[in-house]
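Counting the sequence shown from 1 gives a position; our numbering is that position plus 9.
For the record, the hints were derived by calculation from the structure and aren't laboratory data.
Pairs of lysine-lysine residues, derived as DSS-like cross-links and limited to a Cα-Cα distance of at most 30 Å, are as follows:
| id | residue 1 | residue 2 |
| --- | --- | --- |
| 1 | K72 | K126 |
| 2 | K98 | K24 |
| 3 | K72 | K24 |
| 4 | K38 | K148 |
| 5 | K72 | K148 |
| 6 | K24 | K38 |
| 7 | K150 | K98 |
| 8 | K24 | K151 |
| 9 | K151 | K72 |
| 10 | K126 | K46 |
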Amino acid sequence: MKKTNVQQLLFAQEKLQKAFYLLNASVEKTGAYDIKKIYTADELEPYDALSDRFIRTVEVAIKFFRSYEYYLQAEQSQTLRDGLHRMEKLALISNIDIWLEMRDIRNRIVHDYVPEKIAEIYQLIRGEFYNELRQLDQKLKKIAI
Numbered sequence: 010m011k012k013t014n015v016q017q018l019l020f021a022q023e024k025l026q027k028a029f030y031l032l033n034a035s036v037e038k039t040g041a042y043d044i045k046k047i048y049t050a051d052e053l054e055p056y057d058a059l060s061d062r063f064i065r066t067v068e069v070a071i072k073f074f075r076s077y078e079y080y081l082q083a084e085q086s087q088t089l090r091d092g093l094h095r096m097e098k099l100a101l102i103s104n105i106d107i108w109l110e111m112r113d114i115r116n117r118i119v120h121d122y123v124p125e126k127i128a129e130i131y132q133l134i135r136g137e138f139y140n141e142l143r144q145l146d147q148k149l150k151k152i153a154i
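With these hints in hand, go ahead and build the complete structure from the sequences.
Structure follows, in C-alpha cells:
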C-alpha cells in the first residue's frame with residue numbers, strides 16, 4: 010500500500026472523528042424540538058448547527074468509506090449502495106438502509122418547513138442516526154491502519 014494512500018486514509022479518519030465530535034456537541038446542546046413553540050433566531054441557531062453538522066458528518070463518513078474501501082481493495086464501488094454494502098460486510102455500519110435514509114434527509118432538511126416534519130427530522134438526528142454515527146465513531150477507534 011502506498012504511503013500516500015495510508016496518509017489519505019488517516020486524514021479521512023481524523024476528519025470524520027472531528028466531524029462527529031462537533032455533531033456530538035450539538036446533540037448535547039439541543040433538546041427535543043417543540044412544534045408548538047415559536048423560536049427566536051437565537052434559539053434556532055443550535056438546531057441549525059445540528060443540521061449542518063449532521064449533514065457534514067454523513068458526507069465525511071461516506072468519503073471515509075470510499076477511502077477505506079480503496080485502502081483495503083485498491084478499488085472503489087461504483088455506487089453508494091455497493092460501497093455501503095461493503096461497509097456493512099465489514100461491520101462498520103449496522104445496515105445500508107439507515108445510511109441511505111441519513112443521506113436522503115439532507116434534502117428533507119433543506120425543503121421541509123412544516124414544524125411536524127422538522128421535529129421528526131431532529132428526533133431522527135438526535136436518536137437513531139446519532140446512535141449509528143456514535144457506533145461508527147467507536148469502531149473507527151479500533152481500526153488498525
